[in-house]
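Each chain is listed here by its residues.
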Amino acid sequence: MSKISVTLNKLDAFRWSIPRTGGMRVPGLIYSSETLLRTMGNDESPQQVMNVAHLPGIVKYSLAMPDMHWGYGFPIGGVAAFDVKSGVISPGGVGYDINCGCRMITSRLNFEDIRDRLEDLVVALFHNIPSGVGSTGVIKLSPKEERQVLTQGSRWAVSQGYGSEEDIETTEDHGVMAGADPDKVSPRAIDRGRDQLGTLGSGNHFLEVEVVEEIFDPEVAAVFGLSVGQVAVLIHSGSRGLGYQICDDYLARMVKKMNELSVPIPDRQLACSWLESQAGKDYLAAMACAANYAWANRQMLMHWTRETFEKTLRKSPRELGMKLLYDVCHNIAKLETFPVDGQMVELCVHRKGATRSFPPGHPALPDCYRKVGQPVLIPGDMGTGSYVMVGTEKAYQETFGSTCHGAGRVMSRAQATRASSGRQVAREMADRGVLVMASGKGTLKEEIPEAYKKLDDVVDVVHRAGLSRKVARLRAVGCIKG
Amino acid sequence: MSASWQLLDHTADLGMEVEGSTLEELFACAGRAIFELMAELDTVKIRVSRDLVVEGTDLADLWVNFLREALYLRSGEGLLIKDVRIRRLSDTALTATLSGEAYDSSRHELNMEIKAATYHQAEIVRTPKGWKGRVIFDV
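Going down the list, the protein sequences come from chains A and B.
The numbering of the first sequence is my numbering, which starts it at 1 and goes up by one.
The numbering of the second sequence is my numbering, which starts it at 1001 and goes up by one.
Just chain B, with the same shape it has in the complex (with noise of 0.2 angstroms):
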């Protein structure tokens, strides 16, 4: 399994390229980094899991909605998510189980906050390598 990320430079925002050699590893390697991005995962145990059912009109839209539900299991559920399993894929669904656990004030830090992934030049394309996914955030 390889893919990684790293940050693009976006003057409002804050933008992500992800590579990946599979779709499925490319999406799984967003949704951590995301939360590797909001706070400190050294701490994070694996105690609760969500199940995740994403449907998009094409890829990109899907990988936009798929990071959307992933950001709303932080804002919305409070958790930290440190372990993101595609469980199936296609080019307008997908399912994931995502682990982690609720945060705590006590034991975890917390980096930044992610308002939002937006659709703004939101795109996945074919490399040599595999899949180059890109998204940018508004923090």
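For reference, chain A alone in the conformation it holds in the complex (with noise of 0.2 angstroms):
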């Protein structure tokens, strides 16, 4: 495998270009940070960002956010967007994990609250939640249960007593995208969310327990129901193997049928069809069911934190008030509008590990944010806690509305297995304040936090080049891992 060298030209103190060469249809765009760029070492993201700019139809360039890192095919931390009449999609650009996202749960609770009361609610919590390798639920869905699943997303988990209509009110799309066909998605796909939905799931998924440590924009804070020392739950989950098998099928698909693109692809992972092709629609429909089930799969996974409170702290849900924040996708293609040299065009937008940030005003936010824009949740790594922040004009200009998801790995996870060989992390995390319990035995050690790039440092990227601003940071105190 040939290493093709990368020129990055420094833009401003947050952004590097990558001149078109060879195949690239656009130039590549990177906002990062000297610290940052300094720990990517042999990472081959830059290198990512390059392919991805030779897929036919992409607009602008293609952007990749500070938390970028390797990934297969996409970088991690990738934003594409594809004109829908000449563009394509690409399954690999979403990934296998559909609609990986995080929705926060607010409360009415003070950390003084449930100081005393905090192993027992992270203890009740594990047992309740499912989680861990191919974890399988407390529901088996009917075939009939499971296409509504797949098209109604989270308004099917509210029909059946999981959360209310106002949690809907401030999900993403209200937890629901349209144009949803079950029967694009194969009988493999079917059978593997048959027993998984209400599932946490393993890997990087978790559920947090935090505490808001600080606010930096008040007058955002307040509408979003943040104050200092609140108790707050992050839910970090997707789409289970339904999503994973759906992507597999498609890439598969559209591998096979590569040469009749007839466009020289520098990726077999890249694989991709054009949004108008017959290939390009059933791929989206099978899309936006995955999208569907992750949407209901935290909406029950929710619920369930919500009866794990109500019941461990004997509090009712009036006294607990654990109101839904927002919910938002961090792996996904979007049929979306944005400014293109002056002129409003519709766009197929790829989000490979990024989170949509809608500015004031925008007509997809939820009535109760409209004026100060839309919740952009970003998680840390294991036990590092959260950032809320705040979607803006600029992202909306500049990165068809999107910033940074995560802090993003600098080790993989056998060098984290490696680095953490005879510690006991469980331990170390107590330390520092923070309960831990995970189901997978190597999973703490390949999540420790050296592993990942440090959150402060992304989310500064991002607030200074204007991609979304913060408004709180919350530390962790307690977390289930699978």
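It cannot be assumed that every hint is accurate.
With a straight-line cut-off of 20 angstroms between C-alpha atoms, the simulated EDC-like cross-links for lysine to aspartate or glutamate are [stated by the list, open to error]:
1) Lys256/A to Glu1123/B
2) Lys445/A to Asp1009/B
3) Lys1082/B to Asp1042/B
4) Lys1082/B to Glu1036/B
5) Lys60/A to Asp83/A
6) Lys323/A to Asp431/A
7) Lys445/A to Glu428/A
8) Lys445/A to Glu1040/B
9) Lys1132/B to Glu1017/B
10) Lys256/A to Asp1091/B
11) Lys445/A to Glu1077/B
12) Lys256/A to Glu1069/B
13) Lys454/A to Glu213/A
14) Lys256/A to Glu1055/B
15) Lys394/A to Asp341/A
16) Lys445/A to Asp431/A
17) Lys257/A to Glu1055/B
18) Lys140/A to Asp1104/B
19) Lys257/A to Asp1058/B
20) Lys281/A to Asp183/A
21) Lys315/A to Glu112/A
22) Lys454/A to Asp113/A
23) Lys323/A to Asp113/A
24) Lys257/A to Asp1091/B
25) Lys323/A to Glu307/A
26) Lys445/A to Glu1036/B
27) Lys256/A to Asp1058/B
28) Lys315/A to Glu119/A
29) Lys140/A to Glu1077/B
30) Lys256/A to Glu276/A
31) Lys1132/B to Glu1024/B
Note that these hints are calculated values from the structure, not bench results.
Starting from two chains that each stand alone, build the complex the way the hints lay out.
Spelled out as structure tokens, the structure:
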């Protein structure tokens, strides 16, 4: 495998461009900092930014956010928009975990209210939220029910008693993506989805109990209902085996037809089809099913979280006031309209490890946030806590309404396991004030904090570059991992 | 017969490099390796077998497709595999028999989940000693 040298031209403190060379249709544009770029080492993500720029119909540039790292095909942290008439859709540009995302639930509790009950709370959450390798849930869907999940998303979950109408209001796209067609989902994917609804999964997925530590923007924080000392919960999960199988199925189908595209593509994992082709339309219809499954999944996980708080703390829903602040997806392709060269153009925006960041006034926002902008949730690595940010006009103009999605790995899982050999990771976390429980025996070692870029550095770049603005920082006090 | 595998460092995911003196050994070793990664195989008995017929546009495509099908035996059928035999193999097609048993949480220990075998940098090359294959998994 030959490595091609990558030229990075510094534009300003936070932006580097990669000039068009060879078959690139547009330049690359990377948001980062000197500090973050230094940590990249042999990471091949800039090369991947260039590879994505080869895809037909790509508009303006191939983008990467500061949490960028080496993925397969697209870089993680990559954003690319394609013209709906002349462009392509790439399952690899969405990723295996379709609509992987996170949601934050705020509460009326203060840390002092749970300090003495924290251990009970974490243990109860660990027992009530199914997690771990290949975890199956308490629910077995009938074929008819599964079709309803795939077409209705969060609304299905709410109709079954998991949460309320208000939750739907504060979920990206109201927790349902249009155009979902279960007939475009393979029997294999349907089968894998049947018993995994309502499970957290493994790897980097988690549920974290957090406390608001700092407020940066009091005005927006007030609208989001955030205040210092307040207890919140962050849930990070996706579409489980159903989504992985849909990605796998469509990648294989598109790889087989790559020669029909008659465009040379530098990496098979970037296999794609014209948005207007049958394969492209079928993938979008199947992807929407997985997106809906993921929203229903997070809605159910949130419902059990609320129940666990009620039972463990013996408080009523009213006393707890556990409200869904927002739910965002960070592995998705969306049909959205953006200004390009002074005209509004309909584009298919791929966000592979990137979060939507819509500005104040955008029609896609719920009424309660329309004046201030979209809540942007940025999870950290295990036990670090997270940031709540708010969407901006700059992101709308410059990055197809996108910002970063997390900390981003700097160590491979194998490196992290070696680096943590002989260490008691759970004990180390407890010493830092975070109670951690995990299902998988290797998970804690793979997910040690050093394996990730510093969340503060990543968030600092998007804040200063204007792609989203800091509202609050939360620290973790309890964490359950798959 | 000689074949071996090792993990490669890849920040997003898990890479694997496999060497074999023949292509059949290379494929069989890789098929077994993914199950060694996912579970402790000592307690797995051979009770059931599955025949796979896999096609690819070339050797690298066949390689990824074979691993995709082997992974589905775990994710779709809930099997743990400890024996892989390649019956027939060309550059574009193979038949194989994979044997093991259904996962039973009371007897078997799982280590990790492999979501998928990706096409990214997947390749098979000739070496002086035989063949070398590379694949990156999403985990």
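Going down the list of hints, with the structure as the test:
1. Taking the CA atoms of lysine 256/A and glutamate 1123/B, the gap is about 16 angstroms. The hint holds against a cut of 20 angstroms.
2. A hinted pair counts as satisfied when its Cα atoms are at most 20 angstroms apart, and lysine 445/A with aspartate 1009/B qualifies at roughly 15 angstroms.
3. For the hint linking lysine 1082/B to aspartate 1042/B, the alpha-carbon distance of about 9 angstroms falls within 20 angstroms, and the restraint holds.
4. Taken as a hint, the lysine 1082/B and glutamate 1036/B pair is honoured in the structure, with Cα atoms around 8 angstroms apart against an allowance of 20 angstroms.
5. A distance of roughly 10 angstroms separates the Cα atoms of lysine 60/A and aspartate 83/A; the hinted pair therefore holds under the 20 angstroms criterion.
6. Restraint check for lysine 323/A and aspartate 431/A: not satisfied, since their Cα atoms lie roughly 30 angstroms apart, outside the 20 angstroms limit.
7. At most 20 angstroms may separate the alpha-carbon atoms for a hinted pair to count; lysine 445/A and glutamate 428/A meet this at roughly 11 angstroms.
8. The hinted pair formed by lysine 445/A and glutamate 1040/B meets the criterion: a straight-line CA distance of about 18 angstroms does not exceed 20 angstroms.
9. Restraint check: the Cα-Cα separation between lysine 1132/B and glutamate 1017/B comes to about 7 angstroms, which is no more than 20 angstroms; the hinted pair holds.
10. Taking the CA atoms of lysine 256/A and aspartate 1091/B, the gap is about 15 angstroms. The hint holds against a cut of 20 angstroms.
11. Annotation: proposed proximity of lysine 445/A to glutamate 1077/B is violated, straight-line Cα distance about 29 angstroms (limit 20 angstroms).
12. The hinted pair formed by lysine 256/A and glutamate 1069/B meets the criterion: a straight-line CA distance of about 16 angstroms does not exceed 20 angstroms.
13. For the suggested pair lysine 454/A and glutamate 213/A, the alpha carbons sit about 17 angstroms apart, so the restraint of at most 20 angstroms is met.
14. The straight-line distance between the Cα atoms of lysine 256/A and glutamate 1055/B is roughly 10 angstroms, inside the 20 angstroms bound, and the hint therefore holds.
15. About 15 angstroms separates the Cα atoms of lysine 394/A and aspartate 341/A, which keeps this hinted pair within 20 angstroms; it holds.
16. A threshold of 20 angstroms between alpha carbons decides the hint, and for lysine 445/A with aspartate 431/A the separation of about 16 angstroms falls inside it, so the pair holds.
17. A hinted pair counts as satisfied when its Cα atoms are at most 20 angstroms apart, and lysine 257/A with glutamate 1055/B qualifies at roughly 14 angstroms.
18. Using a Cα cut-off of 20 angstroms, the hinted pair lysine 140/A and aspartate 1104/B holds, with the two alpha carbons roughly 19 angstroms apart.
19. Taken as a hint, the lysine 257/A and aspartate 1058/B pair is honoured in the structure, with Cα atoms around 13 angstroms apart against an allowance of 20 angstroms.
20. For the suggested pair lysine 281/A and aspartate 183/A, the alpha carbons sit about 12 angstroms apart, so the restraint of at most 20 angstroms is met.
21. The straight-line distance between the Cα atoms of lysine 315/A and glutamate 112/A is roughly 15 angstroms, inside the 20 angstroms bound, and the hint therefore holds.
22. For the hint pairing lysine 454/A with aspartate 113/A, the CA-to-CA distance comes to about 30 angstroms; that exceeds 20 angstroms, so the pair is violated.
23. Proximity of lysine 323/A to aspartate 113/A is assessed by CA-CA distance (about 17 angstroms); at most 20 angstroms being required, the pair is judged to hold.
24. A distance of roughly 18 angstroms separates the Cα atoms of lysine 257/A and aspartate 1091/B; the hinted pair therefore holds under the 20 angstroms criterion.
25. Among the hinted pairs, lysine 323/A with glutamate 307/A is consistent with the structure: their alpha-carbon atoms are about 13 angstroms apart, no more than 20 angstroms.
26. Between lysine 445/A and glutamate 1036/B the alpha-carbon distance is near 19 angstroms, which keeps this suggested pair within the 20 angstroms criterion.
27. At most 20 angstroms may separate the alpha-carbon atoms for a hinted pair to count; lysine 256/A and aspartate 1058/B meet this at roughly 10 angstroms.
28. About 17 angstroms separates the Cα atoms of lysine 315/A and glutamate 119/A, which keeps this hinted pair within 20 angstroms; it holds.
29. For a cut-off of 20 angstroms, the pair hint linking lysine 140/A to glutamate 1077/B stands: about 16 angstroms separates their Cα positions.
30. For a cut-off of 20 angstroms, the pair hint linking lysine 256/A to glutamate 276/A stands: about 18 angstroms separates their Cα positions.
31. Proximity of lysine 1132/B to glutamate 1024/B is assessed by CA-CA distance (about 12 angstroms); at most 20 angstroms being required, the pair is judged to hold.
Of the hints listed earlier, those the structure fails to meet are numbers 6, 11 and 22, in rising order.
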